[in-house]
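Peer 1: Sequence:
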Amino acid sequence: MHAAAVLIFILAALLFSYLYIIRPWHLHWGATHLDRIAVLPGDALSPYASAVVTHAVNIDAPAEAVWRWLVQIGQDRGGFYSYSFLENLVGCDMRNTFRIVPEWQQRAIGDTVWFGSPKRLGGRARMIAALVEPMRTMVLATPADWELIRAGKEGLDTTWAFALQRKGANTTRLIARLRSAANVTLWQRVINFFFELTHFVMERKMLLNIKKLAEADPQVRLSAA
Numbered sequence: 007m008h009a010a011a012v013l014i015f016i017l018a019a020l021l022f023s024y025l026y027i028i029r030p031w032h033l034h035w036g037a038t039h040l041d042r043i044a045v046l047p048g049d050a051l052s053p054y055a056s057a058v059v060t061h062a063v064n065i066d067a068p069a070e071a072v073w074r075w076l077v078q079i080g081q082d083r084g085g086f087y088s089y090s091f092l093e094n095l096v097g098c099d100m101r102n103t104f105r106i107v108p109e110w111q112q113r114a115i116g117d118t119v120w121f122g123s124p125k126r127l128g129g130r131a132r133m134i135a136a137l138v139e140p141m142r143t144m145v146l147a148t149p150a151d152w153e154l155i156r157a158g159k160e161g162l163d164t165t166w167a168f169a170l171q172r173k174g175a176n177t178t179r180l181i182a183r184l185r186s187a188a189n190v191t192l193w194q195r196v197i198n199f200f201f202e203l204t205h206f207v208m209e210r211k212m213l214l215n216i217k218k219l220a221e222a223d224p225q226v227r228l229s230a231a
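To convert, count from 1 in the sequence shown and add 6; that's my numbering.
For the record, the hints were derived by calculation from the structure and aren't laboratory data.
In this text, all values refer to a predicted model and were calculated from it rather than measured experimentally.
Heads up, a few of these hints could be off.
[Stated by the list, open to error] Simulated crosslink set (SDA-like; lysine to any residue; CA at most 25 Å straight-line): (1) 211 / 18; (2) 173 / 200; (3) 173 / 64; (4) 218 / 63.
[Claimed, not checked] Now the in silico label distances, taken between C-beta atoms and shown as ranges: (5) 160 / 194: 17 to 25 Å; (6) 16 / 117: 26 to 34 Å; (7) 150 / 211: 24 to 32 Å; (8) 172 / 19: 22 to 30 Å; (9) 13 / 116: 27 to 35 Å; (10) 13 / 211: 31 to 39 Å; (11) 153 / 125: 17 to 25 Å; (12) 125 / 13: 41 to 49 Å.
Ideal Cβ placement from N, Cα and C applies to all residues, glycine included.
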C-alpha cells in the first residue's frame, strides 16, 4: 500500500509539473506576454480556434533576409529546416535545402505547401497559403479551411501563421502561431498531447535554423545597410 501511495504521488507530481510548468513553457517558447496576446495577421481567418500555440525568436538580420528562407518552406522546396530524419520516419520524403533558390522566392495565395510528398500519404499532407504579404507574413490553412476562406467565410480548423516584425534596420522578430479547433473526444486529446510536443520540437528547430541562416546571409545584410 505504501509503495502504491508513493507511486500515485510521483505520478501526480509529474502530471502537475507538466500541466502547469512544462506545457505552458513549450506552448509559448520564446514568446513574451505581448506576443501571446497580440493580434497577428491571419488570426481573423480562424477566429474560433480554442488552441493557440505561439513561438518566437529574435533574429539579427533584416526582414528581407528572414523572408528569403521562410518563403522556401515546403517538401517540394527547401523543406522545413527542422529534423528531416524524424519527418521521414512517417514517410514525408523531406530534404532540407540550406541555400537560397531563386525559383522558390515566390509564394502566392492559393499555393499548396506540401508537408510530405504528393505521391505519398494519400496526398493529404498539405496546407494552402491563405495570406501572403512578402517580408511581413505568411499564413497557411488546411484545405478545408481554405475552401471556406476563399468563399468569404471563416475557417473552422487550423491555421499556421508566420509574422515578421521589424525591430530595427537589422533586427527581426519572427513569430509563429498555430491556431486549431477544440479537441472534443478523448482520442483527440490523446493525439493532441503528442502533437503538441512534436510540434514544439520541430518548430523550435525550424525557427532556430531560420535564425542561423538569416544571420549568416551577408548579401541581404549588406543590401539592407
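Peer 1: So, for every hint listed, does it hold in this structure?
Peer 2: We went through each hint and held it up to the structure:
| no. | hint | verdict |
| --- | --- | --- |
| 1 | 211 / 18 | 30 Å, violated |
| 2 | 173 / 200 | 34 Å, violated |
| 3 | 173 / 64 | 9 Å, holds |
| 4 | 218 / 63 | 11 Å, holds |
| 5 | 160 / 194: 17 to 25 Å | 21 Å, holds |
| 6 | 16 / 117: 26 to 34 Å | 49 Å, violated |
| 7 | 150 / 211: 24 to 32 Å | 28 Å, holds |
| 8 | 172 / 19: 22 to 30 Å | 44 Å, violated |
| 9 | 13 / 116: 27 to 35 Å | 54 Å, violated |
| 10 | 13 / 211: 31 to 39 Å | 34 Å, holds |
| 11 | 153 / 125: 17 to 25 Å | 23 Å, holds |
| 12 | 125 / 13: 41 to 49 Å | 48 Å, holds |
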